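Chemist: Sequence:
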Amino acid sequence: MIGTMSSPDESGGSWTLLTGHGHVLVEIARNPRARMRDISEVVGLTERTVQAIVADLEAAGYLTRGRTGRRNRYTVNPDSLFRHSAQEGLRVGPLLDLLAAAGDSAATGSPSAADVDGRQPADVGRADVQSREEKTRTA
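For the sequence shown, our numbering gives the first residue as 118, with consecutive numbering after it.
Check the hints yourself; a few may be wrong.
Quick list of the computed label-pair ranges, beta carbon to beta carbon [to be verified]: (1) Arg184 with Gly130: 39 to 49 Å; (2) Ser202 with Arg152: 33 to 43 Å; (3) Glu158 with Arg190: 13 to 23 Å; (4) Asp196 with Asn148: 17 to 27 Å; (5) Ala169 with Thr192: 30 to 40 Å; (6) Leu134 with Arg184: 32 to 42 Å; (7) Trp132 with Gly183: 33 to 43 Å; (8) Thr185 with Ser131: 28 to 38 Å; (9) Thr185 with Trp132: 18 to 28 Å; (10) Glu158 with Arg187: 18 to 28 Å; (11) Thr166 with Arg200: 34 to 44 Å; (12) Asp196 with Leu135: 11 to 21 Å; (13) Arg190 with His138: 12 to 22 Å.
Don't read these hints as lab results, they were simulated from the structure. Given the structure is predicted, the values throughout are model-derived calculations rather than measurements. Here a beta-carbon is modelled for each residue, glycine too, at the ideal position from N, C-alpha and C.
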């Protein structure tokens with residue numbers, strides 16, 4: 118029998134695939150002008166927790182903070198590398214592009230959303246996937 122992932126309110130556990138850091142990073146990639154309050158509502162964390170996560174992400178180089186008038190604006194560094202050894206050498210940008218585009222298409226109801234460069238999400242991470250496949254073949 119094949120098991121299914123349960124949602125947080127079903128029996129079988131309350132875990133999610135992404136951590137709070139991952140959810141916040143995806144939401145900022147999707148909406149760089151979002152306020153902490155907006156991000157908090159979307160990801161289901163308190164504003165204080167989101168602020169701490171944003172500080173962590175900024176300190177680790179995943180985000181750059183800038184000012185637009187009186188508001189902060191965050192820019193995701195797509196060339197940042199994953200922190201886990203299982204994804205050694207892979208950039209976060211392609212994954213964020215896929216997740217942000219998927220979230221945008223779910224919100225708008227469109228079946229497919231192109232990223233800001235006009236590429237389709239399936240094309241975004243092709244170089245990383247090919248590079249990882251080459252590593253696997255040579256190992």
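Chemist: Range first: 28 to 38 Å. Now tell me if the beta carbons of Thr185 and Ser131 are that far apart.
Modeler: holds (37 Å)
Chemist: Can the suggested window of 32 to 42 Å be confirmed for the beta-carbon pair Leu134 and Arg184?
Modeler: With a Cβ separation near 33 Å, Leu134 and Arg184 satisfy 32 to 42 Å, so the hint holds.
Chemist: Verify the CB-CB distance for Asp196 and Leu135 against the hinted window 11 to 21 Å.
Modeler: holds (20 Å)
Chemist: So does Arg184 sit 39 to 49 Å from Gly130, Cβ to Cβ?
Modeler: holds (41 Å)
Chemist: Is 13 to 23 Å right for how far apart the beta carbons of Glu158 and Arg190 are?
Modeler: holds (19 Å)
Chemist: Is 18 to 28 Å right for how far apart the beta carbons of Thr185 and Trp132 are?
Modeler: Violated: the Cβ-Cβ distance is about 36 Å, outside 18 to 28 Å.
Chemist: Given a hint of 12 to 22 Å, does the C-beta separation of Arg190 and His138 actually sit inside it?
Modeler: Holds, at about 19 Å.
Chemist: For the range 30 to 40 Å, tell me whether the beta carbons of Ala169 and Thr192 fit it or not.
Modeler: violated (19 Å)
Chemist: Using the beta carbons of Thr166 and Arg200, state whether their distance is inside 34 to 44 Å or not.
Modeler: violated (19 Å)
Chemist: How does the Cβ-Cβ distance of Asp196 and Asn148 compare with 17 to 27 Å: does it lie in that range?
Modeler: Because 20 Å falls inside the window, the suggested range holds.
Chemist: Is the distance from the Cβ of Ser202 to the Cβ of Arg152 consistent with 33 to 43 Å?
Modeler: holds (35 Å)
Chemist: I want to verify a distance hint. Is the separation of the beta carbons of Trp132 and Gly183 within 33 to 43 Å?
Modeler: holds (34 Å)
Figure legend: structure checked against the earlier numbered hints; hints not met, in rising order: 5, 9, 11.
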